[in-house]
Amino acid sequence: MRGGGVLKPAILGISGPALTPDERALLLEHRPRGVILFSRNIENPTQLAELNANLRAALPEGAVLMVDQEGGRVGRLKPPHWSALPPAGSLRTPEEAFAHGRALGAMVREAGFTMTAAPVLDLRVPGASDVVGDRAITGDAATVAALGGEIARGIMAEGVTPVMKHIPGHGRALVDSHVSLPRVPALHEDDLLPFIHNKALPWAMTAHVVYEAIDPHLPATLSKIVISEIIRGRIGFTGTLVSDDLAMGALSGSTPAERAVAALAAGCDVALYCPGDMAGNRAVLEALA
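Going left to right, the sequence shown walks through residues 1 to 289 as the working numbering numbers them.
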């Protein structure tokens, strides 16, 4: 990673399994907070090691290399080159959760990453969208709080930064926020409990969900009310708040740059933009001058 200085508050995707000259130039010019990789970027350990080495050379000192790796159906490091980890919904004891976190953290670290988008601290709510489903540990808030904390502790034991999600709670959403904007009548104390219990974790990712009783107009990612009163207030989270992917269908109707500016204005510390398109990446970075 290149020398110190101010980093732009954005984590971006890239287009494919190799860093292109244009992408490298963009990273060098704009110095983002980090890069996130997905399945389109990962073929095998040798290719990934070269890609991550090239990213480290292009990114500024202190930038993160992030992967969206939870276990279960959210896994970008996949067999046959990497072991399959079970979904969080299969975990039953603190010991299992800690071991899961250590295995996840070790896999991510050995692949060259410094951060993973886990654990999921949403509740599994009957009748809700299966976008969360078995990614959630269970529907019992106290169990999610305890086992989710153990997953995070295992990840950190391997020297990797966990990102708890989706604060302040995605479990009651009836639609998939990748596709459209969920609207939830109200947050329950149970939704908040896992995040309150783990408020000392270093990073959290927002939910693209409208909580109508709190802010009937804007999803948490773009809502000053939700971020200040609920995430920073009732939950008491003081760490780094990163948006969920600003390219998701829940936030349609504006440009990526407009969404990034709005997320930061609402109180997010970092804007996450994942598709890896050059035009979107440049627009987001230039908007965050």
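Please note that a few of the clues may not be correct.
Taking lysine to any residue pairs in the SDA-like style, the calculated list, with each CA pair at most 20 Å apart, reads [to be verified]:
1. LYS78 x PRO45
2. LYS224 x MET278
3. LYS78 x ASP134
4. LYS78 x PRO60
5. LYS224 x THR20
6. LYS199 x SER252
7. LYS199 x GLU258
8. LYS78 x PRO17
9. LYS224 x PRO185
10. LYS199 x GLU50
11. LYS78 x ARG102
12. LYS78 x THR93
13. LYS78 x GLY62
14. LYS224 x VAL179
Label pairs and their calculated CB-CB ranges [as the list claims (entries may be wrong)]:
15. ALA265 x GLU96: 18 to 26 Å
16. ARG56 x GLY249: 31 to 39 Å
17. GLU95 x PHE38: 38 to 46 Å
18. GLY127 x MET278: 26 to 34 Å
19. MET278 x GLY5: 35 to 43 Å
It is worth saying that the hints were derived from the structure and are not from the lab. Given the structure is predicted, the values throughout are model-derived calculations rather than measurements. Ideal placement from N, C-alpha and C gives every residue a C-beta, glycine not left out.
Now for the hints, and whether the structure bears them out:
1. LYS78 x PRO45: holds (11 Å)
2. LYS224 x MET278: This hinted pair is violated, its Cα atoms lying about 29 Å apart.
3. LYS78 x ASP134: It holds: about 18 Å lies between the C-alpha atoms, which stays within 20 Å.
4. LYS78 x PRO60: This hinted pair is violated, its Cα atoms lying about 28 Å apart.
5. LYS224 x THR20: violated (37 Å)
6. LYS199 x SER252: violated (30 Å)
7. LYS199 x GLU258: violated (29 Å)
8. LYS78 x PRO17: This hinted pair holds, its Cα atoms lying about 15 Å apart.
9. LYS224 x PRO185: Holds. LYS224 to PRO185 sits at ~18 Å (cutoff 20 Å).
10. LYS199 x GLU50: Judged against 20 Å, a Cα distance of about 35 Å means the pair is violated.
11. LYS78 x ARG102: holds (17 Å)
12. LYS78 x THR93: Roughly 25 Å separates the two Cα atoms, so the pair is violated.
13. LYS78 x GLY62: Distance of about 27 Å is beyond 20 Å: violated.
14. LYS224 x VAL179: violated (23 Å)
15. ALA265 x GLU96: 18 to 26 Å: 41 Å Cβ-Cβ, so the 18 to 26 Å window is violated.
16. ARG56 x GLY249: 31 to 39 Å: 32 Å Cβ-Cβ, so the 31 to 39 Å window holds.
17. GLU95 x PHE38: 38 to 46 Å: violated (31 Å)
18. GLY127 x MET278: 26 to 34 Å: violated (41 Å)
19. MET278 x GLY5: 35 to 43 Å: violated (24 Å)
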